[in-house]
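Visitor: Protein chains in written order, with the numbering used here: chain A, 1 to 277; chain B, 1001 to 1167.
There's no promise every hint is true.
What the hints assert, rightly or not - EDC-like mimics (lysine to aspartate or glutamate), calculated; alpha carbons at most 16 angstroms apart, straight line:
hint	chain 1	residue 1	chain 2	residue 2
1	B	K1130	A	E222
2	A	K185	A	D152
3	A	K208	A	D270
4	A	K166	B	E1162
5	A	K121	A	E29
6	B	K1062	B	D1117
7	A	K244	A	D270
8	A	K109	A	E87
9	B	K1113	A	E17
Worth flagging that the hints you see were computed from the coordinates, not collected in a lab.
A quick note: this is a predicted structure, and the numbers were derived from the prediction, not measured.
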Amino acid sequence: MQNNNIEYDLFTNLPNEILGHIVSFLPNESSLETILLSTRWRDLWNKAIVRYGTAEDIIAVLATFLTHFDVLDPLKHPRKLQFHFDEDTVVLATIANNGKLLIDFSPWKKVTQIQYELQFKLNKEHIIYLSFPSTFLVTTLYLKSVNYLTSDVASSIVSNMEHLEKLVIIECSGLQSLSIDSKSKLHSLTIIDNLQLKSLYLTTSKLKYFRFRGPLCWIWPEYHFNLSEAMLDFRLGPNCSNFKTTDFDATLLTIKNSEVLSLCEWTFEDLYMNQSQ
Amino acid sequence: MAKTPEPKRTISLKPCDGDVIEVSPMIAKQMQTIQSFIEDDSFIATTTIIPLPNVTAFQLSKIIDYLNYHSNSKAVADNVKESTKKFDEEFLKELEHDKLKELLHAANYLNVKEVLDFLCQAVADLIQDKSVKFVRKFFGVVNDYSVEEEEDIRRTHAWAFEGVEED
C-alpha cells in the first residue's frame, strides 16, 4: 500500500529530537510506554551513561546522574547509568517515571556466594551525604542482586534516600540478615526471592503494604503496627529446621488485622490456625 | 520630485506546489531555515525567491496562519487566551492525522519552534492513553521487535510499568 509507505517514511525521517519532543508532552507516567513501539524507540530510551570510579564515588556519580535527568523531558538525558568500580563490579541505575529508581548489582562475572547482612536506616539523622538532588526525589527504589561485595555500597545508597516510600528488594543471593529502619516515610516493602535470608528486622512503624516471597525466615517487627495489605508467600517452606510456630507470633500480630491478607496453604494451616486455636 | 519606490519589505517563499507566498520579515524570522537564508550575504530580499522543495503551499500557509495569529495576539492584552485556545482548536480540527503529520514534517524542515511545540503537543495529546498498536499505526512505526525481544523489554521494564494502568 503506497499510502503506508509514505506514512512510514514520514515518521522514520523525523529526527530523534522531534520524537523526544513529542515524548516530553506525554504525561510522565505513560511516556515510557513508547519503548514498546519499536527498536528505534527502545534505543532512544536505553541510552546509557558509562562512568568509571571507585566505590566511594558512587553517591556523587549517582547524584549527578539524577540531577541531570529531566522528568519533563525524559529523552533529553539518558535515564540509565552504568558505573564500573572496584575492578570487576558494575552497578546499573535506571530511572523510571514517578520517582522510581532501579539499582541493579547483577554481577557480570560469577561471584562466590558469601553471606552478608544489610542495614538500611532511612531516618534523617542518619543521612551522611546530602548530595542527592531535590529535582528528582527517589520515592520508589528497586534494589536487585546485591552481593557481599556490593552490600556496603547498597547500604550507603539506600540510607541516603530519606524520601523513600516504597522499597523492593529482589534476588540478593547471600543476604542472610536484613534490617530496615524507617520511622516516617516507608509504607511499602517488598522482599522477593532472597533465598538465603534468615532474619528480617523491621523498624517500620508506617508500613502499610508488605509483600514477601521466599523461604520463611525469622521476622522481627520491632513495634506493633497494623498493615493494610500483607502477602506472604512461603511456598518454599521454612529456611531452617528449628523454626517453631511461636517464632511466627510477632508476625501474626502484625498481619492479622490486615484488610487484605494472602498466605499460602501450609502457612495458614500450620502457623495461622495453630496460633488462633 | 520623483519618489523612490518603497523597498520591498516581504520575503518570497516558493513552496513545491503553487505560487510564491510573500511573508513579512517578522514571520520569516521565526522560521530558522529561512532566517539562515536571509542572513546569507548573497541574499537580496528584492529579487531572491526562496525555494522550499519539501513544503507544500497548504503546509506553508497553515504555518504562516498560525504564526500570524499568534504574533498578533501576543501584542494584544492577555485576555486573548480564550480566543487563542479557540483558534488552536479550530486549527487542529481542520487537520486530518495525515495532514498533521505532514505539517509536523514541514515545521521541522522550516524549524519553526512555536509551531513545532504546538504540533508535538497535539501529537502527544492524540497518542496519550492509546494502545501500543494504535500508536504504532499512528506513527507508521513498523514493529521490528522479534517476539523474544518484545518479551524481554516487557519483562525488564515490568518494574517501571508497575502502578501504570495497562492499555
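Visitor: Give a verdict on every hint.
Guide: For each hint, the structure was consulted:
1. K1130(B) x E222(A): Violated: K1130(B) and E222(A) sit about 46 angstroms apart, past 16 angstroms.
2. K185(A) x D152(A): violated, 22 angstroms
3. K208(A) x D270(A): violated, 25 angstroms
4. K166(A) x E1162(B): holds, 12 angstroms
5. K121(A) x E29(A): violated, 29 angstroms
6. K1062(B) x D1117(B): Roughly 15 angstroms separates the two Cα atoms, so the pair holds.
7. K244(A) x D270(A): Answer holds: K244(A) to D270(A) is near 10 angstroms, not above 16 angstroms.
8. K109(A) x E87(A): Given that 16 angstroms is the threshold and the Cα spacing comes to 11 angstroms, the pair holds.
9. K1113(B) x E17(A): holds, 12 angstroms
Hint violations for this structure: numbers 1, 2, 3, 5, all remaining hints satisfied.
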